[in-house]
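Asker: Given the coordinates of chain P, work out where chain G should sit on it, guided by the hints.
Here the protein sequences line up with chains P and G, keeping their order. Residue numbers 76 to 400, in the working numbering, belong to the letters of the first sequence in order. Residue numbers 3 to 280, in the working numbering, belong to the letters of the second sequence in order.
These are calculated hints, taken from the structure and not from any lab test. As the structure is a computational prediction, the values presented were derived from the model and not from experiment. Treat the hints with care, since some could be wrong.
[Stated by the list, open to error] Here are a few chain P residues that face chain G, going by a calculated C-beta distance under 7 Å:
1) I93
2) P134
3) T150
4) G153
5) F154
6) K159
7) Q180
8) S181
9) F184
10) P185
11) A386
12) N387
13) N388
[What the hints assert, rightly or not] Derived DMTMM-like pairs: lysine to aspartate or glutamate, alpha-carbon spacing no greater than 25 Å straight-line:
14) G:K142 to P:E135
15) G:K143 to P:E176
16) G:K143 to P:E132
17) P:K186 to G:D188
18) P:K186 to G:E213
19) G:K139 to P:D119
20) G:K139 to P:E327
21) P:K131 to G:D141
22) G:K143 to P:E135
23) P:K186 to G:D112
24) G:K139 to P:E135
25) G:K139 to P:D105
26) G:K172 to G:E213
27) G:K236 to P:E135
28) P:K297 to P:E327
29) G:K139 to P:E132
30) G:K139 to P:E91
31) G:K195 to P:E176
32) P:K366 to P:E380
33) P:K186 to G:E158
34) G:K172 to P:D244
35) G:K172 to P:E132
36) P:K186 to G:E254
37) G:K236 to P:E380
Positions of the beta carbon are idealized from the N, C-alpha and C atoms, including for glycine.
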Amino acid sequence: MSKSAYSDYVLEEPGESIYIREVYGKTLVDLGKSYSDIVVLDADLTVSTKTNLFGKEYPERFFTMGVSEQDMMATAAGFALAGKRPFASTFAIFATGRAWEHVRQSIAFPKLNVKIVATHAGVTVGEDGATHQALEDICLMRVLPNMRVIVPADAIETEQVIRTITDNDGPVYVRLARAKFPTIYNSKYKFELGKASILRHGSDVGIFAAGIMVSEALQAAKLLEEQGIDASVVNLSTIKPIDVETIVSVAEKTKAVITAEDHNIIGGLGGAVSEVLSEHCPTRLKRIGMKDRFGTSGNGMKLLEYFGLKANNIAEAAIEMLNSK
Amino acid sequence: MMELTTDIEALKDRARNIRIDLLKALNNCKSGHTGGSLSSVDILTVIYFSVMRYDPANPSWQDRDRFIMSKGHGAPALYATLALAGYFPREELNNLRKPASILQGHPEYDVSIGIEATTGSLGHGLSASNGIALAGKLDKKDYRVYALLSDGELQEGATWEAITTSSYRKLDNLCAIVDRNRFQNDGAMDKIKDISPVADKFVAFGWEVEELEDGHDIQSLINAFDRAKSTKGKPFAIIANTIKGKGVSIFENKGHYHGVAPSDEELKIALKELGEAA
Chain P
76 MSKSAYSDYV
86 LEEPGESIYI
96 REVYGKTLVD
106 LGKSYSDIVV
116 LDADLTVSTK
126 TNLFGKEYPE
136 RFFTMGVSEQ
146 DMMATAAGFA
156 LAGKRPFAST
166 FAIFATGRAW
176 EHVRQSIAFP
186 KLNVKIVATH
196 AGVTVGEDGA
206 THQALEDICL
216 MRVLPNMRVI
226 VPADAIETEQ
236 VIRTITDNDG
246 PVYVRLARAK
256 FPTIYNSKYK
266 FELGKASILR
276 HGSDVGIFAA
286 GIMVSEALQA
296 AKLLEEQGID
306 ASVVNLSTIK
316 PIDVETIVSV
326 AEKTKAVITA
336 EDHNIIGGLG
346 GAVSEVLSEH
356 CPTRLKRIGM
366 KDRFGTSGNG
376 MKLLEYFGLK
386 ANNIAEAAIE
396 MLNSK
Chain G
3 MMELTTDIEA
13 LKDRARNIRI
23 DLLKALNNCK
33 SGHTGGSLSS
43 VDILTVIYFS
53 VMRYDPANPS
63 WQDRDRFIMS
73 KGHGAPALYA
83 TLALAGYFPR
93 EELNNLRKPA
103 SILQGHPEYD
113 VSIGIEATTG
123 SLGHGLSASN
133 GIALAGKLDK
143 KDYRVYALLS
153 DGELQEGATW
163 EAITTSSYRK
173 LDNLCAIVDR
183 NRFQNDGAMD
193 KIKDISPVAD
203 KFVAFGWEVE
213 ELEDGHDIQS
223 LINAFDRAKS
233 TKGKPFAIIA
243 NTIKGKGVSI
253 FENKGHYHGV
263 APSDEELKIA
273 LKELGEAA
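Excised from the complex, chain P in its bound form (with noise of 0.2 Å):
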């Protein structure tokens, strides 16, 4: 396959790799400055969040709210409402697990300005075990109306989702992780709310993915044009709201198709890919990711492998899936 088969903005070979929660912090440093209205607020997490870099050059507009995410969550509403932009983080399974129905009324029902950026999604989390890692996140947020649900796959998109949703008002989720990832993209890369980025255009299956799977799905795509099989590979960073129209001329074009997540296959990329495709362009389908159980303790990354979330995976998955037409 030639070299035209990526778009311009994909790097052909993986790049650096980045902590984006680090990416996040230093984003809303910069943010900072121009936004005297930001105000952060973390759940004795700041270290971990990175949300401590913003804490250091803006103290006065930092707040520790302790180990209390329902509180947070309902403070930071309380902030919008005064016409603050609140940021609110913590790890992911307590921002959207702990504080759910505080998110729910008090952020998503009331449409407030809240950015609720959680890092250590996933169980890329790894020797914390499966307490910590969030396998569900996705799915309760992007249940919630009002709720833009948000899954960088590298350190320049995270920088970019971060100030797009400075600038839109109404609530978002932004999902981060702990481990670093691979940088897929160069600077030539636009992110837009709502829009897929399809990152190599394939015939013969079409891959999407989000997160950490988005560098998996690219390796998948090499593996896979080895064995002469064309693959197109999408960045659905935002599942919420969806981008149905680069699903279906995908969907179209391949006739069969991969969904990779580092999530629940229930309810998250590979259930809103679903339900898209059911609606729309009905497509044999296989959902890579966590098959309806928790995740474990170990190495971050080597848990990716433990689990069958890695780049042979999917291809694997999608070799079986075009014999089996």
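Answerer: Frame of chain P, contents of chain G only:
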């Protein structure tokens, strides 16, 4: 700008009118929370007609004091108060609990009619009030925030997260009022999960506290709010001992009327007691 008064008789008359209006509204839609609405009326009357700085003609005025009905099930009392304050016509109360009405079963955020936050699920309102109070401090504004909590709401763990935040952040621009009517949905609180002693708990959590033996006494309420305003460095809690169903003998201290609207017959009795022809 709302003109405030300390005329006790005038305030009592407003409270009486609010009770009449909310009971008619509840009877009209045949559902809603009678007991906890009636227990809050005198507190709301004093806050809206004797304490708060606001202007129904300019509802989003940035320097306004804010009121958050954390006990959102008391919505009928809040709506009748807002109507009397002039946020919307009293006839609107006929649309209580109807589809797409501005007066939903529990309050929905709409500054244009004086509803400052969405409430109804207990354990949210004080946190939101803290956020507004913190923003006020950050902006060096002198507005004050008032949050009305139910005593049942003190069984929510999240409420205590918020109570801790208020005192840790020294929110002296915040005043919480606990409508201590001693009943919750399932009955008397001391038969379900007693939360006594309430005042001691607030004190232990770093609040300045005033407990009112009679949370319906207008003068006592006015005095407590005065004290709240002049308290520095701490949030202020008013524990108002109230009577569930206050003002209508057949509803008073009857757990049954927590979530039950007055029937036509009961409304007739109530209006007679409140001095209004049915």
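Asker: Could you work out which earlier hints the structure fails to respect and list their numbers in ascending sequence?
Answerer: 1, 2, 11, 12, 13, 15, 17, 18, 20, 30, 34, 36, 37
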